[in-house]
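S.K.: Next come the chains, spelled out residue by residue.
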Amino acid sequence: MQALTSRGKEVSRKPMSFMERLYIPSILKGMAITFSHIFKKQPTIHYPEQKREFSPVFRGLHVLNRDEEGRERCTACGLCAVACPAEAITMEGAERLEGEENKYREEKYAAKYEINMLRCIFCGLCEEACPKDAIYLSETFAPANFTRKGFIYGKEDLLIPDPITAPEEFAKARGAHRNN
Amino acid sequence: MTLLAFDWILMVEKLILIAIIVFASLGIALYTTFAERKVAAILQDRPGPNRAGPFGLLQPFADGLKLIMKEEIIPNSSNKALFILGPGLAMTAALMTCSVIPWSSHVELFDRKIDLQIADINIGILYIFGVVSLGVYGIMIGGWASNNKFSLMAALRGASQAISYELAMGLSLIAVLMISGSLSLKTIVDEQMAAGSLWNIAYQPLGFVIFFICALAECNRTPFDLPEAENELNFGYHQEYSSMKLGFYLFSEYINMIMSSAVMACLFFGGYDIPFLNEATLSPNFAAILGLLALLTKIVIFIFVFMWIRWTIPRFRYDQLMNVGWKKLIPLALFNMLLTGALILWKQG
Chain R
1 MQALTSRGKE
11 VSRKPMSFME
21 RLYIPSILKG
31 MAITFSHIFK
41 KQPTIHYPEQ
51 KREFSPVFRG
61 LHVLNRDEEG
71 RERCTACGLC
81 AVACPAEAIT
91 MEGAERLEGE
101 ENKYREEKYA
111 AKYEINMLRC
121 IFCGLCEEAC
131 PKDAIYLSET
141 FAPANFTRKG
151 FIYGKEDLLI
161 PDPITAPEEF
171 AKARGAHRNN
Chain U
1001 MTLLAFDWIL
1011 MVEKLILIAI
1021 IVFASLGIAL
1031 YTTFAERKVA
1041 AILQDRPGPN
1051 RAGPFGLLQP
1061 FADGLKLIMK
1071 EEIIPNSSNK
1081 ALFILGPGLA
1091 MTAALMTCSV
1101 IPWSSHVELF
1111 DRKIDLQIAD
1121 INIGILYIFG
1131 VVSLGVYGIM
1141 IGGWASNNKF
1151 SLMAALRGAS
1161 QAISYELAMG
1171 LSLIAVLMIS
1181 GSLSLKTIVD
1191 EQMAAGSLWN
1201 IAYQPLGFVI
1211 FFICALAECN
1221 RTPFDLPEAE
1231 NELNFGYHQE
1241 YSSMKLGFYL
1251 FSEYINMIMS
1261 SAVMACLFFG
1271 GYDIPFLNEA
1281 TLSPNFAAIL
1291 GLLALLTKIV
1301 IFIFVFMWIR
1311 WTIPRFRYDQ
1321 LMNVGWKKLI
1331 PLALFNMLLT
1341 GALILWKQG
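These protein sequences, in sequence, are chains R and U. The opening position of the first sequence corresponds to residue 1 in our numbering, with each subsequent residue numbered one higher. The opening position of the second sequence corresponds to residue 1001 in our numbering, with each subsequent residue numbered one higher.
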């Protein structure tokens, strides 16, 4: 019969010699192997203190972006909700009133914007669909909460801090790898 | 009136000694569980428990607290009295061994010479064997009272294993006793300490190997942990146990480990003897402390070897276990015994 792979190895059916049947050499060999592991470097990353470097394309929790003057970019067009395969995004639009020009960039804005993090699959399609660069996936991850309701993130959870009043938090929320 | 004349101070002294030794054994056992997890982790390239306290040093207390807080379940179909007796017996038998182990020479306090040994009985080794055999009852009673097939199977295995290996253990010990000519552990240690004499391991290498293997089997440690074989017996004889009763079983295993390490150190490695040092030149109290540290070091090394073996060697099959015990170790131990006897006679001329 032809062998399926070239990696096949013939098994030796030779009866074990006396030394092999004693098992003591092999036991000592095994013990030496485990002992050598004492001096090996541990690959563990001690999580809350140390964090792993993310790749530039890491997709974590969502952030609703602001422009450089601190105005919300989202216009509640709904393209992200349409693109979302998990149907995790809902929103309600509202019209910008007189005197709110410093809060919202366009004439229309999202009065309510919710993402259900339990439904979200972090695929990043909302990010791709957004014509206004208003939503992107950050480097924050592993959300934890006591209730299911807590996982429905509203605007106050998603919105990035104002780059003018709180530049440090803004930079932190943007993440290290983000350059736009 | 001489019969009633009672040395009350001796009584108090021994009570204090018992309290110290029992609590120290428990404390060491507590940290042996921690050491087991740490050693396992390090041998597997993991950091091990490191969250509770600095370096995870409070972990054993967290484990103990967890066990105590757990719900205590006594199965309806179990024999309740025996079910409770089982872990208690296992623990008592494990702790009783420490009474004849000479922890160190003697200290001089308040003009009294205090031996650091609870009881220097002249049948010390026999006493240890007797008590260790009692430990099997803990397993048997626990397994039987649970009224569970797996527990009973595991208990049977544990009992047959303990009986088989005690034989080889006793036979390997006879050779040591022929050399020392005494059953008292203190005398055995003192003979090894005497100037010009070597540790018994030099005369009895084969005897030590047999004794060590049997000690592994007696403590139900891998590769002889058949009573606890998870994959074939679910969890072994303590399957139905929960809360601190389970803790007692697990704990008694660690105490057994410490005690068998101590016995091995005393029988083969000179007990509290420090190599290349004549203890008589030091002040007795200082020598006693150094001796205690030496014995503890030997115990720690043995415990490490126990753990090292556990995380290296897989478990024996049941027939292999019996094969090794009856067909290999007992003939070897008999041979060792005859050889030692012949050599002693030849030396005497």
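Honestly, the hints are just simulated from the structure, not real lab data. In this text, a Cβ means the ideal position worked out from N, Cα and C, and glycines have one as well. Keep in mind that the hints are not guaranteed to be accurate.
What the hints assert, rightly or not - Dumping the calculated DSS-like pairs for lysine-lysine here, alpha-carbon to alpha-carbon at most 25 angstroms:
| id | chain 1 | residue 1 | chain 2 | residue 2 |
| --- | --- | --- | --- | --- |
| 1 | R | 51 | U | 1328 |
| 2 | R | 14 | R | 29 |
| 3 | R | 29 | U | 1066 |
| 4 | R | 29 | R | 9 |
| 5 | R | 149 | R | 132 |
| 6 | R | 51 | R | 172 |
| 7 | R | 29 | U | 1038 |
| 8 | R | 51 | R | 41 |
| 9 | R | 40 | U | 1038 |
| 10 | R | 41 | U | 1328 |
| 11 | R | 41 | U | 1038 |
| 12 | U | 1038 | R | 14 |
As the list claims (entries may be wrong) - Calculated from the model, a selection of chain R residues having no Cβ within reach of chain U, i.e. all distances over 10 angstroms:
| id | residue |
| --- | --- |
| 13 | 10 |
| 14 | 16 |
| 15 | 60 |
| 16 | 105 |
| 17 | 122 |
As the list claims (entries may be wrong) - Partial list, computed: chain U residues near chain R (C-beta under 8 angstroms):
| id | residue |
| --- | --- |
| 18 | 1043 |
| 19 | 1044 |
| 20 | 1046 |
| 21 | 1244 |
| 22 | 1246 |
| 23 | 1279 |
| 24 | 1280 |
| 25 | 1283 |
| 26 | 1308 |
| 27 | 1311 |
S.K.: Hints first: check each against the structure and report whether it holds.
M.R.: Each hint tested on the structure:
{"no.": "1", "hint": "51/R - 1328/U", "verdict": "violated, 54 angstroms"}
{"no.": "2", "hint": "14/R - 29/R", "verdict": "holds, 21 angstroms"}
{"no.": "3", "hint": "29/R - 1066/U", "verdict": "violated, 38 angstroms"}
{"no.": "4", "hint": "29/R - 9/R", "verdict": "holds, 23 angstroms"}
{"no.": "5", "hint": "149/R - 132/R", "verdict": "violated, 29 angstroms"}
{"no.": "6", "hint": "51/R - 172/R", "verdict": "holds, 15 angstroms"}
{"no.": "7", "hint": "29/R - 1038/U", "verdict": "holds, 22 angstroms"}
{"no.": "8", "hint": "51/R - 41/R", "verdict": "holds, 18 angstroms"}
{"no.": "9", "hint": "40/R - 1038/U", "verdict": "holds, 15 angstroms"}
{"no.": "10", "hint": "41/R - 1328/U", "verdict": "violated, 40 angstroms"}
{"no.": "11", "hint": "41/R - 1038/U", "verdict": "holds, 15 angstroms"}
{"no.": "12", "hint": "1038/U - 14/R", "verdict": "violated, 40 angstroms"}
{"no.": "13", "hint": "10", "verdict": "holds, 25 angstroms"}
{"no.": "14", "hint": "16", "verdict": "holds, 14 angstroms"}
{"no.": "15", "hint": "60", "verdict": "holds, 25 angstroms"}
{"no.": "16", "hint": "105", "verdict": "holds, 46 angstroms"}
{"no.": "17", "hint": "122", "verdict": "holds, 28 angstroms"}
{"no.": "18", "hint": "1043", "verdict": "holds, 5 angstroms"}
{"no.": "19", "hint": "1044", "verdict": "holds, 7 angstroms"}
{"no.": "20", "hint": "1046", "verdict": "holds, 6 angstroms"}
{"no.": "21", "hint": "1244", "verdict": "violated, 31 angstroms"}
{"no.": "22", "hint": "1246", "verdict": "violated, 28 angstroms"}
{"no.": "23", "hint": "1279", "verdict": "violated, 32 angstroms"}
{"no.": "24", "hint": "1280", "verdict": "violated, 37 angstroms"}
{"no.": "25", "hint": "1283", "verdict": "violated, 38 angstroms"}
{"no.": "26", "hint": "1308", "verdict": "holds, 6 angstroms"}
{"no.": "27", "hint": "1311", "verdict": "holds, 6 angstroms"}
When the structure is compared with the earlier hints, violations turn up for hints 1, 3, 5, 10, 12, 21, 22, 23, 24, 25 and for no others.
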